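*Asks:* Now for the letters of each chain:
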Amino acid sequence: DQQVKQNSPSLSVQEGRISILNCDYTNSMFDYFLWYKKYPAEGPTFLISISSIKDKNEDGRFTVFLNKSAKHLSLHIVPSQPGDSAVYFCAASLLGLNSGGSNYKLTFGKGTLLTVNP
Amino acid sequence: DVKVTQSSRYLVKRTGEKVFLECVQDMDHENMFWYRQDPGLGLRLIYFSYDVKMKEKGDIPEGYSVSREKKERFSLILESASTNQTSMYLCASSWALSYTFGSGTRLTVV
Numbered sequence: 006d007q008q009v010k011q012n013s014p015s016l017s018v019q020e021g022r023i024s025i026l027n028c029d030y031t032n033s034m035f036d037y038f039l040w041y042k043k044y045p046a047e048g049p050t051f052l053i054s055i056s057s058i059k060d061k062n063e064d065g066r067f068t069v070f071l072n073k074s075a076k077h078l079s080l081h082i083v084p085s086q087p088g089d090s091a092v093y094f095c096a097a098s099l100l101g102l103n104s105g106g107s108n109y110k111l112t113f114g115k116g117t118l119l120t121v122n123p
Numbered sequence: 003d004v005k006v007t008q009s010s011r012y013l014v015k016r017t018g019e020k021v022f023l024e025c026v027q028d029m030d031h032e033n034m035f036w037y038r039q040d041p042g043l044g045l046r047l048i049y050f051s052y053d054v055k056m057k058e059k060g061d062i063p064e065g066y067s068v069s070r071e072k073k074e075r076f077s078l079i080l081e082s083a084s085t086n087q088t089s090m091y092l093c094a095s096s097w098a099l100s101y102t103f104g105s106g107t108r109l110t111v112v
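In order, the protein sequence lines correspond to chains A and B. The first sequence begins at 6 in the working numbering and counts up one residue at a time. The second sequence begins at 3 in the working numbering and counts up one residue at a time.
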């Protein structure tokens, strides 16, 4: 049973417009969420994160929103650029349940391929 | 910058071969992970380690084993490669939830 779901395999937007990538989770114990970006033939790179005590985190063109009651988060990219074209993975962690020296496991979604058209 | 280096970018192996995928990190991270990435399935955790000689199974450990004899090196072993293990393999190391991934090894089993 997948605990982190990205239900849209792909998304296509025009350059300059907003890209909204969605992620749902089923485990209410998740308390830390991250977004990773992956280009072909490269490893994923960290983009932005949010703790469950917040409902929004912003970093330049990237904003992540968290709706805990709906178990939903979204990544907004404004404005979208062709260089943003990549696969975006949502990930979640049980950070609050971990202690030092134990695992920091992330559960990933299946990813959404974003294509930004010039 | 943290670097995670995977020894091979591309590998082609035969069914039944024993395959070693090597991963080395240079930032003294405690935690190391092996994932595989498949189309439509995302990133799935195979094994992870939070200390030397410590290992724990991830979500899909069957057909794999790991070795962590030194802190900087985490090896993934396919005991007897099968065609369904054809995939992109990604190694990561982390300090807490700050993950750094390697560039991946594209393994094809024929």
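For the record, the hints were derived by calculation from the structure and aren't laboratory data. Because the structure is a prediction, the values reported are computed rather than measured. There may be inaccurate statements among the hints.
[As the list claims (entries may be wrong)] Straight line, CA to CA, 30 Å or less: simulated DSS-like cross-link-like pairs of lysine-lysine: (1) 10(A) <-> 76(A); (2) 10(A) <-> 57(B); (3) 59(B) <-> 15(B); (4) 15(B) <-> 73(B); (5) 20(B) <-> 55(B); (6) 61(A) <-> 73(A); (7) 55(B) <-> 76(A); (8) 73(A) <-> 59(A); (9) 20(B) <-> 10(A).
*Asks:* Next, verify each hint and record whether it holds.
*Replies:* Hint by hint, here is what the structure shows:
no.: 1; hint: 10(A) <-> 76(A); result: holds, 10 Å
no.: 2; hint: 10(A) <-> 57(B); result: holds, 27 Å
no.: 3; hint: 59(B) <-> 15(B); result: holds, 24 Å
no.: 4; hint: 15(B) <-> 73(B); result: holds, 28 Å
no.: 5; hint: 20(B) <-> 55(B); result: holds, 21 Å
no.: 6; hint: 61(A) <-> 73(A); result: holds, 11 Å
no.: 7; hint: 55(B) <-> 76(A); result: violated, 37 Å
no.: 8; hint: 73(A) <-> 59(A); result: holds, 9 Å
no.: 9; hint: 20(B) <-> 10(A); result: violated, 34 Å
Figure legend: structure checked against the earlier numbered hints; hints not met, in rising order: 7, 9.
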